[in-house]
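S.K.: Here are the chains, one letter per residue:
Protein chains: 2
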Amino acid sequence: MAKVTFIGLGVMGYPMAGHLKVKGGHDVTVYNRTTEKAEKWVAQFGGRFALTPADAAKDADYVFTCVGNDDDLRSVTIGADGCLSAMKPGAVLIDNTTASAEVARELETAAEARGCHFIDAPVSGGQAGAENGVLTVMCGGKQEIFERSRPVIDAYARMVGLMGPAGSGQLAKMVNQICIAGLVQGLAEGIHFGKKAGLDIEALIAVISKGAAGSWQMENRHKTMNEGKFDFGFAVDWMRKDLAICLSEARRNGAKLPVTALVDQFYGDVQAMGGKRWDTSSLLARLEK
Amino acid sequence: MAKVTFIGLGVMGYPMAGHLKVKGGHDVTVYNRTTEKAEKWVAQFGGRFALTPADAAKDADYVFTCVGNDDDLRSVTIGADGCLSAMKPGAVLIDNTTASAEVARELETAAEARGCHFIDAPVSGGQAGAENGVLTVMCGGKQEIFERSRPVIDAYARMVGLMGPAGSGQLAKMVNQICIAGLVQGLAEGIHFGKKAGLDIEALIAVISKGAAGSWQMENRHKTMNEGKFDFGFAVDWMRKDLAICLSEARRNGAKLPVTALVDQFYGDVQAMGGKRWDTSSLLARLEK
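As given, the protein sequences belong to chains L and V, one line each in that order. Just so you know, we're using this note's numbering here: the first sequence kicks off at -3 and counts up by one. Just so you know, we're using this note's numbering here: the second sequence kicks off at -3 and counts up by one.
This is chain L alone, in the form it adopts within the complex (with noise of 0.2 Å):
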């Protein structure tokens, strides 16, 4: 059991905060942007909250954060009562933000500069993945820290690596939704193209999905996207989040991204459309507009 600090409880900080609690046994602290949800936080599973993330931070062993974008979590970690200023020597910062490498890397420098550590940590599964405590976990640090802070991650994960030095995690989650996007755009065609020709969408998915063409999405996505239901998931505003680090990561390392920069634009179609909260497989809609 440790002191534990959980910064940032959205759709996917709450209940991760929530296993740290309940399924780690850990003495959680929270702190959130907005009161009202840490209050909220605490009357359903216990502990403290705080009013400031260096408030929150000050005893811990492990300060988790998870928030919007680099903006925001370098706010929480070296702004203005940022916890980074309160961590005593030896804790360690565990950020679960999709965010760039640099700032990962940034981080890991300011953190180690007072005595602390740092693992980038972002994670991916979905709002489904952190309320059932199952999320993947994709790690950048130094081994020795990633395996004193392993034990403490699995109270909401399934699987957790390490993928190099810091900022390695960030770029792993980077590649996944590189997959993905050109994978659901492809699946987005077929399925559209599909209904053009009259097919019977579920007898088709049935038979092609164990085969050459099957895929997560395929398997978990053609019903809703047969249904035009769209309401749910993971949301094009964040895919877009999402893809812009990519992209910007890609102009620095040279890699070509021609499918993923055009579904980006497509993505960008479907926030004009109204879809910004819109699952990523809307892409359907866009075709079918």
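Treat the hints as calculated values from the structure; they're not laboratory data. Predicted model, so just to flag it, every value in this text is computed and none were measured. Even for Gly, the Cβ is constructed at its ideal location relative to N, Cα and C. Take the hints with a grain of salt, since some may be wrong.
What the hints assert, rightly or not - Distance windows between CB atoms, simulated:
1. 240(V) x 285(L): 52 to 60 Å
2. 264(V) x 285(L): 26 to 34 Å
3. 285(L) x 269(V): 44 to 52 Å
4. 233(L) x 109(V): 55 to 63 Å
5. 147(L) x 202(V): 17 to 25 Å
6. 216(L) x 264(V): 26 to 34 Å
7. 98(V) x 139(L): 58 to 66 Å
8. 202(V) x 228(L): 25 to 33 Å
9. 36(V) x 240(L): 53 to 61 Å
10. 265(V) x 123(L): 51 to 59 Å
Given the structure of chain L, go ahead and fit chain V onto it with the hints provided.
M.R.: Just chain V now, with coordinates in the frame of chain L:
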């Protein structure tokens, strides 16, 4: 045990005909444009070979065709010495070629005009699937004829489904190839980016392949992609043939296939790089050029 004819002993047809003989226990007669291959097949499996499709088909209950394209298919069925001219009333023509939905409907009409029947039955699973007799077979045609033919088809298949009237098997196969086009390009961009980012691809895939980015292609192709090994599998030339059929049908039914069309162009680049016989996963080689 039925009298079966198999026309077209290519990389797919050769082992499929073998399964009809050995696993199905049928009385098999084969025909191939180059007779040497038919002689070799008979030396390996027994049975007989004939010198024309008509001669091969004259006593058969089921006549299978598995040739290169629409024109080859017309030639061995309704062309001079084509099998339909010799088939007895009630016999079923089962076409395993990946062809247009149009030619499937045309062949059903031609078969029925002679008192025969027709099933379009393109397969997926590649050379390995054919050799191991575990293909996925997408059928189009009449329910009763499908039910009668299914136990015979089972000799080389793991999954057999009726997708609708004649041509529907071909349309289902098109959906399969459309899904694969986007999926493989996304996977290629992901692995390309991961290599540029300095990630250990094996460690990365071990973590992300169970989640939302996971697919048959990721599972079965990441290792060879990472090694730059493309001299195996489903050839780019054949993929382009299939994508041409998809894009042509989409022109007819109005489906929008922007990424499929783009990936078809990318495969054109791979052909120009000398990759006509490379596996479809060679989209990665194009990005790395």
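S.K.: The structure should be examined with respect to each hint, and the outcome stated for every one.
M.R.: Structure-based check of each hint:
1. For the hinted restraint 52 to 60 Å between residue 240(V) and residue 285(L), the CB-CB distance of approximately 26 Å leaves it violated.
2. For residue 264(V) and residue 285(L), the hinted distance range of 26 to 34 Å is satisfied, since their beta carbons lie about 29 Å from each other.
3. Between residue 285(L) and residue 269(V), the C-beta spacing of about 36 Å breaks the proposed range 44 to 52 Å.
4. Range check, residue 233(L) to residue 109(V): Cβ separation about 57 Å, and the 55 to 63 Å hint holds.
5. Look at residue 147(L) against residue 202(V): about 20 Å separates their beta carbons, and that is inside 17 to 25 Å.
6. One distance hint, 26 to 34 Å for the beta-carbon pair residue 216(L) and residue 264(V), holds here, with the actual separation near 33 Å.
7. Look at residue 98(V) against residue 139(L): about 60 Å separates their beta carbons, and that is inside 58 to 66 Å.
8. Distance hint check for residue 202(V) and residue 228(L): the Cβ-Cβ separation is about 29 Å, which falls inside the suggested range of 25 to 33 Å.
9. As the Cβ distance of residue 36(V) to residue 240(L) is approximately 57 Å, the hint placing it in 53 to 61 Å holds.
10. Under the hint 51 to 59 Å, the C-beta atoms of residue 265(V) and residue 123(L), about 39 Å apart, miss the expected range.
Consistency note: the structure conflicts with the earlier hints numbered 1, 3, 10.
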